[in-house]
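Taken in order, these protein sequences are the chains called A and B. Read the first sequence against my numbering and you will find it ends at 136, with the numbers running on by one and no gaps. Read the second sequence against my numbering and you will find it ends at 303, with the numbers running on by one and no gaps.
Think of the hints as simulated: they come from the structure by calculation, not from any bench. Don't be surprised by glycine CBs; every beta carbon is placed ideally from N, CA and C. Do not rely on the hints blindly, as some may be mistaken.
As the list claims (entries may be wrong) - Computed footprint of chain A on chain B; a stretch qualifies when at least three of its residues, placed anywhere within it, have a C-beta under 8 angstroms from a C-beta of chain A:
hint	region
1	160–167
2	214–224
3	260–267
4	273–280
What the hints assert, rightly or not - Counterexamples of contact, computed for chain B against chain A with all Cβ distances above 10 angstroms:
hint	residue
5	Phe76
6	Leu80
7	Thr92
8	Lys93
9	Asn114
10	Trp120
11	Ser136
12	Met144
13	Thr231
14	Gln233
15	Ser239
16	Asp249
17	Gln250
18	Thr297
So you can see what is in the structure, the chains are spelled out below.
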Amino acid sequence: MKQLLTFAIAAFSFGVSFGQCDITADVCGKHITDDFLSDGQHYRALLLTDQVAEFNATLYGGTTYRISACSGTQDGNLLFRVYDKERNLIFRNQVHSNAPYWDFQLESSMDVIIEAELDPIAGGSGCAVMLIGFKR
Amino acid sequence: MNLLRFSSLLIALSVSVFITACGDGTEKPDTSGEVSNNNGANNGGNSNILKVGDKLFNLPSPLETAFLIEEVGGHFTEALLNPDVDPTKYTTKNAQAMNLGVYGADLGYSLIYNQSQNAWNLLETCKKLGGEIGISPSLYTSLMKRFQGNMENRDSLLIMVSQLNSLSDEYLKENESEDVSALILYGGWVESLYFTTQLTAQIPNPKLRARVGEQKNSLENLIGLMQQVNTGQLDDVVSELESLKTIFDQVEYTYEWVEPETNEGKHLTIIKSKSNVKISDAVLKEISLKITEIRNTIIATTT
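Kindly produce the complete structure, drawing on both the sequences and the hints.
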């Protein structure tokens, strides 16, 4: 019974989290300011505390991109890391106070892998949203 | 007893919410050993890595390509746009979605060159097609009101259109129309590559040429995306893209890691790694012919 109850609560939380994606998207969207244009795509994933979402993106040389990554209803709940395809670490927001957005200026075009996970301090499960904008 | 009733109620409610959130809630096997569900997230299996919607595909925005075309000195060429301005000829959801992507790219291209009246007409076309595939008309209505008041302000119009694209994508994904979203991206990607290849024949610019070659990775993402949403109805699309990929396989790509520089105060990281794309004239021509064929198939598809 205890296990069933735990499952039920987890499943319920997950469902509620999914519904919160809209709110999270609003939180995230405010970081794509008017000097950036959205790439027109909306990325999201439901995460439990120990899970990592993986995003793959191609970024073009000579362009500055803004990656905005959020979870829940406030900034700083999502940890994200950017790697190249060879898994060399380019950036992690954890060493920058869980910054909810960061800009990346590319000298050459390249493919990157972005990993995102919930900050364990925030706890629980949640909807992770990532938005990408490019500078005009 | 009360606890049992409460638990049963909670379980029923939870399962109901969960199923609602996740579509039909079914899980399908993944060749990577991971498990996915229809809400776009995978259970991580042993690795605890979630790949969003099996894989997450970022495709370049058609606006990025349009900016590049402007940067290299390309002029507005109306003949590059889909000549058919009657969206009612597209009667199936697939044809409507693909051509919404095509018209969306045409819209971005027109806006970059301040062709605001042309852009307005394309926006009306997009509204009609968007309505047909289930995008809330209110998204367009609101945008079009603001558009009318800013016809001469290119920057504002570009912001509005990019926001519209993002909101449309969000709306479709919220309504479990991932396949429609993918087809719109497909149409937009094809139209943008069509623009670029057509212009490489007129403007011998290395950046333009490289941009064609750089689509090699985007194409792989696009194929994966289409395969993910294909339940048989998109076999032709996947087949066409795989055929295009055999040509792109001849594009050479090299990459060298260089330590990036981060400026905390500016919230900025400069990625200094180097990449290079080599594409021969023959391969460029082959890509151009194939993408023209695919694009013409899309805009001629009515059912």
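Verification of the hints:
no. : hint    : result
1   : 160–167 : holds (count 4)
2   : 214–224 : holds (count 4)
3   : 260–267 : holds (count 5)
4   : 273–280 : holds (count 5)
5   : Phe76   : 18 angstroms, holds
6   : Leu80   : 20 angstroms, holds
7   : Thr92   : 23 angstroms, holds
8   : Lys93   : 20 angstroms, holds
9   : Asn114  : 14 angstroms, holds
10  : Trp120  : 19 angstroms, holds
11  : Ser136  : 13 angstroms, holds
12  : Met144  : 18 angstroms, holds
13  : Thr231  : 22 angstroms, holds
14  : Gln233  : 22 angstroms, holds
15  : Ser239  : 23 angstroms, holds
16  : Asp249  : 16 angstroms, holds
17  : Gln250  : 18 angstroms, holds
18  : Thr297  : 23 angstroms, holds
The structure is consistent with each of the numbered hints, conforming to all of them.
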